[in-house]
Amino acid sequence: MMKSPAPENMYLPDVESHESDGHYGKMIAMARAGGMTPPGIWHLFAYKPRMTDALSAFTHEVMRGPSPLSAGLRELIAAYTSRRNACVF
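Letter 36 of the sequence shown, counting from 1, is numbered 45 in our numbering, and no numbers are missing.
Read the hints as simulated data drawn from the structure, not as lab findings. Each hint should be verified, as a subset may be incorrect.
Simulated DEER-style distance windows between Cβ atoms [said to hold, decoys possible]:
{"#": "1", "residue 1": "Tyr20", "residue 2": "Thr61", "range": "16 to 22 Å"}
{"#": "2", "residue 1": "Met60", "residue 2": "Arg93", "range": "24 to 30 Å"}
{"#": "3", "residue 1": "Ala80", "residue 2": "Asp23", "range": "30 to 36 Å"}
All residues carry an ideal CB built from backbone N, CA and C; glycine is no exception.
Let's have the full structure, built from the sequences with the hints guiding it.
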């Protein structure tokens with residue numbers, strides 16, 4: 010598995026250091042255990058899960074909901090856009 014480059018500091022120390030036993034907290038722990046740097050957005054989702062539930066549902070619907078585009082093509086578009094924006098995807 011390829012290691013992600015270290016992202017820039019989010020400048021949100023309370024968010025980044027927050028320990029969570031929720032879904033995203035577990036994903037962060039697994040990524041770190043595997044030697045990877047978790048995406049910054051995971052920290053936000055782990056910090057205030059109730060506040061990010063709507064964003065998570067929206068993203069899931071956009072990427073996996075009914076569409077004339079396949080889920081794979083939507084993932085490819087997202088990966089291409091992230092790369093063009095110099096964002097680790």
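Next item on the list: Identify every previously stated hint that the structure contradicts and give their numbers, smallest first.
Entry: none
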